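Protein chains in written order, with numbering that gives the first Met the number 0: chain A, 0 to 311; chain B, 0 to 307; chain C, 0 to 559.
Heads up, a few of these hints could be off.
Claimed, not checked - Below, simulated BS3-like cross-link-like pairs (lysine-lysine); rule was C-alpha separation at most 30 Å, straight line:
| hint | chain 1 | residue 1 | chain 2 | residue 2 |
| --- | --- | --- | --- | --- |
| 1 | C | K350 | A | K213 |
| 2 | C | K126 | A | K220 |
| 3 | C | K119 | C | K226 |
| 4 | C | K404 | C | K381 |
| 5 | C | K237 | A | K205 |
| 6 | C | K377 | B | K216 |
| 7 | C | K4 | C | K199 |
| 8 | A | K220 | C | K88 |
| 9 | C | K83 | C | K199 |
| 10 | C | K404 | C | K249 |
| 11 | C | K350 | C | K83 |
| 12 | A | K220 | C | K128 |
| 13 | C | K128 | A | K224 |
| 14 | C | K412 | C | K260 |
| 15 | A | K205 | B | K216 |
| 16 | C | K128 | A | K213 |
| 17 | C | K128 | B | K197 |
| 18 | C | K402 | B | K195 |
| 19 | C | K545 | C | K199 |
| 20 | C | K384 | C | K330 |
| 21 | C | K126 | C | K199 |
| 22 | A | K213 | C | K412 |
| 23 | C | K402 | C | K350 |
It is worth saying that the hints were derived from the structure and are not from the lab.
Treat the numbers as computed from the prediction; the structure is a model and nothing was measured.
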Amino acid sequence: MLVVAFVSFSLFNFVGDPINNMVGEETSDAERTELRETLGLTDPIYIQFTRFVGNASKGNFGISYQLKRPVSELISERLPATIELVLVSALIALISGTLLGVYTGINRKGYLSDIILAISLLGVSLPTFVIGILFIYLFAVILGVLPSFGRGEVVSLGYWTTGFLTLSGLKAIILPSVTLSLFQMTYIIRLVRAEMMEILQTDYIKFARARGIKEKSIHYKHALKNGLIPVITIAGINIGTLIAFSIITETVFQWPGMGFLFIQAVQFVDIPIMSAYLVFIAFVFVMINFIVDILYYFIDPRIRVKAEAVSG
Amino acid sequence: MDNKKLTLISRIKDSDIYFSFIKSPTAILSTVILVIIFFCSFFVELVTPYNPFDPSSLSLMDAFTPPSWTENGLSKFILGTDGQGRDMLSTILYGSRISLIVGFSAVIFALVLGVGLGLSAGYFGGKYEMIVMRLTDVQLTVPSILMALLVDGIARGIISREMHDEMAIYVLIFAIGISEWPQFARVSRAATLVEKNKDYVSASTIIGVSNIIIMFKHILPNIMRPVLVIGTIGLALAIIAEATLSFLGVGVPPTTPSLGTLIRLGNDFLFSGEWWITFFPAIFLVLLAFSINLLGDWMRDTLNPKLN
Amino acid sequence: MSFLKINNLSVNYEMRRETVYAAKKVNINVEKGEILGLVGESGSGKSTVGNAIINLIDEPGKVSGGSIILDGTNIYENPENILKLRGNKIGLIFQDPQTSLNPILTIGEQLIETIQTHLKLNKEEAKNKAINLLKEVGIKDADVRFDNYPHQFSGGMRQRVVISLALCCEPELLIADEPTTALDVSIQSQILDLIKRLTKERNLAVILITHDMGVISETTNRVAVMKNGDLVEIGPTKEILTNPKEIYTKALVSSVPPTNKKINRFKIIEKENKTQSETNIKILNRWTKKEIIDQDLVEVKNLSKTFDDNFFTESSKNSVMAVDGVSFSIKEGESFGLVGESGSGKSTIAKMIVNLYSPSAGDINFDNVCITNITNNKEMMKFRKQIQMIFQDPYSSLNGRLKVKDIITEPIKLHNPSISSQEIDNYIYDLLESVELTQQSAERYPHEFSGGQRQRISIARALATQPRLLVCDEPTSALDVSIQAQILNLLKDLQEQLNLTILFISHDLPVVRQMCDRIAVLKNGKLCEISKTEELFKNPSHDYTKELLTLMPKIESIYN
């Protein structure tokens, strides 16, 4: 976490001169120096860094160069949109990916498996933005059944704005979330399939067969449980990746989330937004890793015993 | 053991890889497609009559010509033209050359960096290994596209605006390469750990062979299989990443468009009905990535005895 | 009518280049209450027959003919049949207890599931049955251990759990596929005793598949010998072992190292019945032969090695003492045996002597120079040249990406950079012929050779630097007995002709007896005793040595 904070801070500090980006060409040197002092850019570096960390922990990331508004305000405005999008996509990707992966892993030979696999390979080859464009063209331009951009009507619940409570909001989230989840879904299908296939060839599965255990129990009790262990890790990384890829989806569908904000920031070298986004992402990743570790503890007895041995 | 001639060709013909290749229609098909695409892209001057980047050959009169088989199509522009009257087919092939150059360079950059670090980390172990692997862990959790965006963002801050268009392609290669190296590092480290504990490495040590020679002469050839698989899949990912970045407007500049840039430029015309301007580059990109992935998939199944 | 009747069983594997006939018209009958040994070398088809009975042949194998009738039911008549028999009437035990249990289910869950699949019992009854069963196979505190996961058991205990799982629904036929090969001698004898006891108590029919003639001799009533898918000979164990009729069986029995005496060479009976000629050691004239003087070549003093479980925390709690204060010395020209079970530290000592590991404490002197603290590279090379090693696994000890020629060239060039390429070629040919390989072998890759041939290449590579000390770490334990006999003969010849000093490491007491002048016995990193070989076998002084000697399976036990 601190590492990321430092990186974002370095970004803030050493990448170009923020003053140049903030003010126009015609600003005088005196005005520049004044601005520099009000921003605290003349202080020694370690003071600046402590101040940065201090402010960041309070959620204060400074003022956007481009939009001239506090970054924290911009982020909290956009946060719900991104989180809702990512959540829906993650659910789609995890559930359908795992189901299809298990199916193709168990039924190795069969037309349906072959078709699913071919599609999944195509899915890995389709860049997210191409899928997005395709969907827009198909459902919005030709069929005209679903909206091609925005979140639809949102309902405000205190700090949170949600699109789940209105019909147009629900309709609006379909295309972006499916687009976003497709790539991850295909990835999960392939992973789960490979895992299942490997497990079904292990000695303990063969031994279970030799004991006359029913195929159904072998597939869903013995193999699936073992096969799901790596899925947890992937699910963690998956959510992180979804957040990153939401940048693209949000751009294609003009979804008013953080990714859209970030991409604009990159184009305009708006360092405060970039660093705030980074800190936010790092925070999410740390949280995800933490949750994944806890889940492992509950699912894999081998780790559980190790942990008990250390604590006891 | 019989005494048949052991030429290189007979060895290849006798190998399981060759056998599995000629038995796999998808592998052959994807190879054929890739050979055609690579040839047309790198020798594009020989293949197409047009140079879309020579302004004198362009005529705005030809702009927005639809594909040749549609109502207003012209037979000289098979896939139609874009908003500046450039022939789509030639533009796509020129674009694909840039995409391929960026993709290959990025993968090679990532491969050299990743394998170098992974191999040495696995071989030497200790604190050095710990640091390298921590680094890959951290970077693996940061999605590649974000990493690439970040590098690009920093580069924009450092490099002046005028210089930026010229440097864009190098920045892009660096950005994508940097985002992909951890995969190579992980795979080659894992493979190195397996190989390092094999007795032939101990035997070489006992003979007195130096570490550097053991690493590069003995271990490196033995870990190349998984690295090549990752490299192939990585090439598809790199091409997609390049297209994505260009699509987002942070990749190669429109003056020398890659496939992604073409799709972005064409996207503006999608709603007005000129679908071909974005459709054909997109299809071409998907075909390219799909063929590479098919080949990579086949390689993974063939080169990984675990799953057979 | 026999309890199990295998009639003309044929199993084919359709491979890419050819069809492998893993079983060719095999006829075997098994009665209740008897243990039938199924013995053969690798590739003989013994496991295939076992798997065919329970219809679990790995792809792409297929039963192509014949029938298997168990207690009147034809297994291959109807695919449903076997599903009713598995677990219920037939139990199966695999070789490796580490991998045969599902790691994320407790052994209780696995037992209850199996019991409830076949017997109409409720959960409570199934649990009681399972706990009684665990007690029966010798697991203490069965009611507590019931809720443990497989990784909480040691290897021998895990194999007991596997046996309890195989027996939990009271099958009448038990197929044990190399059930003790992955275990140490002391645990092996316990597991074999358990199988013998259960056979008697439950009147089981048992098929014991193994490559170990000692196990066959001590455990089985009848034995079937297989080779390349053919059933060579079947009969009462005593008759087969003492008076074999077929040449192959004779060869097999004679290549087993006897446990009760030392022989000079192994008798090799080849198919054509030709007598083995003395090895032509061509490298002899290149060799600067050391005169044997009665002097120590290697001296190991108070050697210790500690491995840290976790190298971040250097706490002593996690560290394992692999070698603990071991001292011994090896005379020039002697062959010295290092014996112990897994975890005894024998391989660790070998790796310290060849300088792959550095000792945590103690010294190793070679030719009166301490070699543990050499930092100078040039100095080190002098010793590297004189100490070479042969490894256990013939598959991993050769780099598969290099031709045999390049593998052997490496040590030659490294220690003699000025050598001409013509001279190298001649040297390689001489080396290859000295280990009984053809000159053409030089142009081939390791994967084109069999295990025994690879081990010969390994020996050629080790000899290329003209070492004085050859460390052999279980050089034959991955090989079939007939190949083992050949390699051991070769090592003996080489030692005699070249005056090599050999450090021979093995867990196999009969093999060590044939190879060594003196033997050191190790247990848990500590030295138990050092004696002259014959003295150790006839009159062991340490309790542990006595235990090992009583427990090792003896092919001669059939005479009693």
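Structure-based check of each hint:
1. C:K350 x A:K213: Given that 30 Å is the threshold and the Cα spacing comes to 48 Å, the pair is violated.
2. C:K126 x A:K220: Holds - the C-alpha atoms of K220 (chain A) and K126 (chain C) are around 19 Å apart, at most 30 Å.
3. C:K119 x C:K226: Given that 30 Å is the threshold and the Cα spacing comes to 43 Å, the pair is violated.
4. C:K404 x C:K381: 24 Å, holds
5. C:K237 x A:K205: 34 Å, violated
6. C:K377 x B:K216: 22 Å, holds
7. C:K4 x C:K199: 21 Å, holds
8. A:K220 x C:K88: 23 Å, holds
9. C:K83 x C:K199: 25 Å, holds
10. C:K404 x C:K249: 37 Å, violated
11. C:K350 x C:K83: 52 Å, violated
12. A:K220 x C:K128: 22 Å, holds
13. C:K128 x A:K224: 26 Å, holds
14. C:K412 x C:K260: 43 Å, violated
15. A:K205 x B:K216: Distance ~40 Å between K205 (chain A) and K216 (chain B) Cα, so the pair is violated.
16. C:K128 x A:K213: 21 Å, holds
17. C:K128 x B:K197: 45 Å, violated
18. C:K402 x B:K195: Measuring from Cα to Cα gives roughly 19 Å; hence the hint holds.
19. C:K545 x C:K199: Status holds; Cα separation ~28 Å.
20. C:K384 x C:K330: 18 Å, holds
21. C:K126 x C:K199: This hinted pair holds, its Cα atoms lying about 25 Å apart.
22. A:K213 x C:K412: 61 Å, violated
23. C:K402 x C:K350: Holds, at about 26 Å.
The structure shown violates the earlier hints numbered 1, 3, 5, 10, 11, 14, 15, 17, 22.
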